[in-house]
Structures are given as structure tokens and as C-alpha cells.
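**Q** Protein chains in written order, with this note's numbering: chain G, 1 to 115; chain A, 1 to 112.
No wet-lab data here; the hints were simulated from the structure.
Values in this document were obtained by computation on a predicted structure and should not be read as measured data.
There may be inaccurate statements among the hints.
To be verified - Pairs of lysine to aspartate or glutamate residues, derived as DMTMM-like cross-links and limited to a Cα-Cα distance of at most 20 Å, are as follows:
hint, chain 1, residue 1, chain 2, residue 2
1, A, Lys-107, A, Glu-76
2, A, Lys-60, A, Glu-76
3, A, Lys-107, G, Glu-44
4, A, Lys-99, G, Glu-68
5, G, Lys-17, G, Asp-56
6, A, Lys-99, G, Glu-44
7, G, Lys-57, G, Asp-101
8, G, Lys-57, G, Glu-68
9, G, Lys-17, G, Glu-85
10, A, Lys-56, G, Asp-101
11, A, Lys-99, A, Glu-8
12, A, Lys-52, A, Glu-42
13, G, Lys-57, G, Glu-44
14, A, Lys-99, G, Glu-20
15, G, Lys-11, A, Glu-42
16, A, Lys-52, G, Asp-101
17, G, Lys-15, G, Glu-85
18, A, Lys-99, G, Asp-56
19, A, Lys-68, A, Glu-42
20, A, Lys-60, A, Asp-84
21, A, Lys-99, G, Asp-18
22, A, Lys-56, A, Glu-69
23, A, Lys-52, A, Glu-69
24, G, Lys-11, G, Glu-85
25, G, Lys-11, G, Asp-24
26, A, Lys-68, A, Asp-84
27, A, Lys-99, A, Glu-15
Okay, here's what each chain looks like letter by letter:
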Amino acid sequence: GAGVSQSPSNKVTEKGKDVELRCDPISGHTALYWYRQSLGQGLEFLIYFQGNSAPDKSGLPSDRFSAERTGGSVSTLTIQRTQQEDSAVYLCASSLRGTGDETQYFGPGTRLLVL
Amino acid sequence: GNSVTQMEGPVTLSEEAFLTINCTYTATGYPSLFWYVQYPGEGLQLLLKATKADDKGSNKGFEATYRKETTSFHLEKGSVQVSDSAVYFCALYSGGYQKVTFGTGTKLQVIP
Chain G
1 GAGVSQSPSN KVTEKGKDVE LRCDPISGHT ALYWYRQSLG QGLEFLIYFQ GNSAPDKSGL
61 PSDRFSAERT GGSVSTLTIQ RTQQEDSAVY LCASSLRGTG DETQYFGPGT RLLVL
Chain A
1 GNSVTQMEGP VTLSEEAFLT INCTYTATGY PSLFWYVQYP GEGLQLLLKA TKADDKGSNK
61 GFEATYRKET TSFHLEKGSV QVSDSAVYFC ALYSGGYQKV TFGTGTKLQV IP
């Protein structure tokens, strides 16, 4: 079946503009995560959705960052008034809960460059 | 809260050398443990996992044993290849509505 997809694959924007990044998880996966990975760095957790529960937003670095997940499927990460330090690869992952298997399936990422 | 601690990299080894990447964790309950790998220019993918104490996960010649007494899940390979050069991430999941927690990653470089 199809894996996790993300769009766009690359995004170049100017400082101060808003951007939206999209994630399509594997069908039926109830858990969805957003991470950020800067060049040469590890994974930085941003936000986590699980079913109908309130999302865990504890990793969002500022109030310029927000995310939503519509219908328990597609998710959009929005960065308002982008800054140069927001440049990174944004990764989405999904997993199937309730089966005892918490394996995460990662998308290819969106590479964001803020000029 | 849950946490994962990995040995710092980068780790540089010659081909056919023995590899150990240390991973220790702090978690409530009985977590599942994972190793993910990210090859250059590629996305993260599961390498192996173990869901209960004393389980051994294995894949592609890599192994890791879930040691509850030492809260560890060290990654090992007997003879590394250049193609094993990648970043390796240790992770845990402690159940319920908890999120997965990742370590900081360890970069491995294998030289011919």
C-alpha cells in the first residue's frame, strides 16, 4: 500500500511569509507525528495527534507554529511569519495504535528554506 | 517523563569492524524499544525492535537485546560495511496515549 506522503517536497520562502506543509498518513493509522530535523541534527519532536484526543503540542517551538488534523487523516503544519531559523526538513510519521505495534512510518519530508 | 540517551557520535569504523552503539532509557511501565536508521539522503525507517524484556531484535545483521535490568537496548553488528554508514536512532514507546520518544541519533561512518 501507499506510504506516508508529504508535500511539497521542497519549499523556498521569504522571511515573514506563512507556509503550509501537508502530510498524508497511511490509511487507518491513528497516530500522527511531526518532527523537525535541522542539518546534521537529530529529530526534534513538534506535535503528536492520537485519534480524537487533544494533540500533544509540547514540542512546538513558538506560537508561530500550529498544526491540525482533519477527519483523523490528513494533517497540515502551518508556520506563520517564517524566520531563517525555521529552515529545516520537516518530517511526518504515522503509526497504527491498538495492535501493540507502535512502528512509525516516516514520510520523505519537506525541505524548507527561508531566505 | 520518558527519555532515551544514545552515545554521541560520530562513530568512525573501518570496514569489518565490530559495532556497538549504546542506548539507555528511562520510562514508566514496560516500553517497546526500537532502532531506526536514516541512510544518507533517505527517510527514516525501522531497523529492528523488541517489545518485552530479554527479547532480541535483529535485521540486516544488526542485533539489539532488551535489557530491563540495565534499561538498555544497545545496537550491535559483528562486521560493518561501508553501506551501513547512516544515522541510527534509538526510540521507545511506553504505551497508551504516550508519544514515541527518540534519542538524539548517532552518526556512523564506515571507511573502506
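**Q** For every hint, state whether the structure bears it out.
**A** Hints versus structure:
| no. | hint | verdict |
| --- | --- | --- |
| 1 | Lys-107(A) <-> Glu-76(A) | holds (14 Å) |
| 2 | Lys-60(A) <-> Glu-76(A) | holds (11 Å) |
| 3 | Lys-107(A) <-> Glu-44(G) | holds (16 Å) |
| 4 | Lys-99(A) <-> Glu-68(G) | holds (17 Å) |
| 5 | Lys-17(G) <-> Asp-56(G) | violated (26 Å) |
| 6 | Lys-99(A) <-> Glu-44(G) | holds (13 Å) |
| 7 | Lys-57(G) <-> Asp-101(G) | violated (23 Å) |
| 8 | Lys-57(G) <-> Glu-68(G) | holds (11 Å) |
| 9 | Lys-17(G) <-> Glu-85(G) | holds (13 Å) |
| 10 | Lys-56(A) <-> Asp-101(G) | holds (16 Å) |
| 11 | Lys-99(A) <-> Glu-8(A) | violated (23 Å) |
| 12 | Lys-52(A) <-> Glu-42(A) | violated (29 Å) |
| 13 | Lys-57(G) <-> Glu-44(G) | holds (12 Å) |
| 14 | Lys-99(A) <-> Glu-20(G) | violated (23 Å) |
| 15 | Lys-11(G) <-> Glu-42(A) | holds (18 Å) |
| 16 | Lys-52(A) <-> Asp-101(G) | holds (12 Å) |
| 17 | Lys-15(G) <-> Glu-85(G) | holds (10 Å) |
| 18 | Lys-99(A) <-> Asp-56(G) | holds (8 Å) |
| 19 | Lys-68(A) <-> Glu-42(A) | violated (32 Å) |
| 20 | Lys-60(A) <-> Asp-84(A) | holds (10 Å) |
| 21 | Lys-99(A) <-> Asp-18(G) | violated (28 Å) |
| 22 | Lys-56(A) <-> Glu-69(A) | holds (15 Å) |
| 23 | Lys-52(A) <-> Glu-69(A) | holds (12 Å) |
| 24 | Lys-11(G) <-> Glu-85(G) | holds (14 Å) |
| 25 | Lys-11(G) <-> Asp-24(G) | holds (17 Å) |
| 26 | Lys-68(A) <-> Asp-84(A) | violated (27 Å) |
| 27 | Lys-99(A) <-> Glu-15(A) | violated (36 Å) |
The structure fails hints 5, 7, 11, 12, 14, 19, 21, 26 and 27 (numbered hints given earlier, in ascending order).
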